[in-house]
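Novice: These two chains come separately, so use the hints to put the complex back together.
Next come the chains, spelled out residue by residue.
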Amino acid sequence: MFACWGAKLVLGMFGGTPPPVEPMLIVAGWIELIGGLLIAIGLLTRLAAFICSGTMAVAYFMVHAPNGFFPILNKGELAVFYCWLFLFVVFYGPGSWSIDALIGKRKSAATTT
Amino acid sequence: MNSLNRFADPVFCILRLIAGLMFACHGGQKILGFPPGGHGAPEDMMGMIGAWIELAGGFMIAFGLLARLAAFLAAGEMAVAYFTVHAKMGYFPIQNHGELAVLFCWFCLFVVFHGAGRWSLDALLFGKRSSPPPAAAPAA
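Chains as they are written, first to last, in my numbering: chain A, 1 to 113; chain B, 1001 to 1140.
These are calculated hints, taken from the structure and not from any lab test. Heads up, the beta-carbon is just placed ideally off N, CA and C, and yes, glycines get one too. Hints are all accurate, no fakes.
For lysine-lysine, the following BS3-like pairs were computed, each having C-alpha atoms within a straight-line distance of at most 27 Å:
#1 Lys1088(B) to Lys8(A)
#2 Lys8(A) to Lys75(A)
#3 Lys1030(B) to Lys75(A)
#4 Lys1030(B) to Lys1088(B)
#5 Lys75(A) to Lys1088(B)
Ranges of calculated distance between the beta carbons of each label pair, as one might list FRET restraints:
#6 Gly1127(B) to Val63(A): 37 to 45 Å
#7 Ala1041(B) to Leu43(A): 44 to 52 Å
#8 Asp1009(B) to Leu47(A): 20 to 28 Å
#9 Gly1033(B) to Lys105(A): 47 to 55 Å
#10 Gly1033(B) to Ile34(A): 38 to 46 Å
Okay, chain B solo, but in the shape it has when bound (with noise of 0.2 Å):
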């Protein structure tokens, strides 16, 4: 339709590893304590688990492995983590600190539905089997 969406592949390529990097941060901060200045590791238990998802996650994301599945966990724990902590903070996402948690669930949510694109780890171990699919193929 537009020439530009020529190159909407790599740019997605692009964006899926800075959220991805971004996010998988969040759970490096309370993991490994890297990059530093974060609050050091969640004692309770769903903290933990957020942390793990934010890493691993992010990183599955980031690199478009399982990516599908990676971001509807982490989607999920956004969504989560805005409403018991965020959403108590007042009614608008700019006031309650909470812009970058819906950013992140609904960038998530978008790769559920979108996938990880061409140039993914996905697309490298899947595609080739998957690019003539057997029964859907519109051209048969």
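Isolated chain A (complex conformation) (with noise of 0.2 Å):
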């Protein structure tokens, strides 16, 4: 879902106004895309989710933060979510079921064989 959000920015999918001309709007858009495409398949996860992370608070503050206080309110709750699960995700790990295990395994496989 947070690799639409990038698709939608730098593709134009979904909807999706024509690519941004801002530099960093084009920034923001790749790490979406390609971040949360890696956080879903659990490749380099902690890497792109800490990368994510930055990005959404960014996003909220830049954007949603002088709308009003409450996520709630300045339509950021989403940018809040997103933030504060990615940095939950670079400190969990990508978990057991992810390549980065699969890798991690393998490796482990071969240095004790």
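Specialist: Here's what the structure looks like:
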């Protein structure tokens, strides 16, 4: 779902507006698209989640925070949620059902044999 | 496995607080009219039950009190909300405004299975009693 925001921004899918011209928005769009996919499949999860979390924090404070204090009112609820969810993923890790875990398993198997 | 995992519990606590309180805001908007700017109280029975689940369940998840039970109810409510309200408006969550509902639903489902974590009222109240599980201790 996070990747969809990037696809909307960069690729113009899902009824998105034409690609943004501001470099910051383009960068954010690519982070959302690639980072979202990486987190979804669990590849380099912690790194991707860290960058995505940062993006969402910036998005919240630049776009939503000026519109009010409560996230429910300034429409930044989704940004807050993604930001903290990704921060949790940074610390929790991708879990055992992920590509990271598959790679790690193969590596540890290679070192023990 | 990774040194970052040492901080997983406190961060999970913050995530629970943030998500739970935001969830409670949705119920508060419907029942208490706070934060302001909601649509007012729902007229039908189902909307009212949903609002109470959001308000009470949100606080219970936030502070980790009977979090698994609260999260189970909240996840169920969000699934109903998604399929009765948002699913009709389009296939992609980004287009049918149901993204928040999906996110809350799956987050709550994760809480059901993960538990409230070490930094929670559940752990404070029930932690000591159950910390050495009588039968299931792996070391015994």
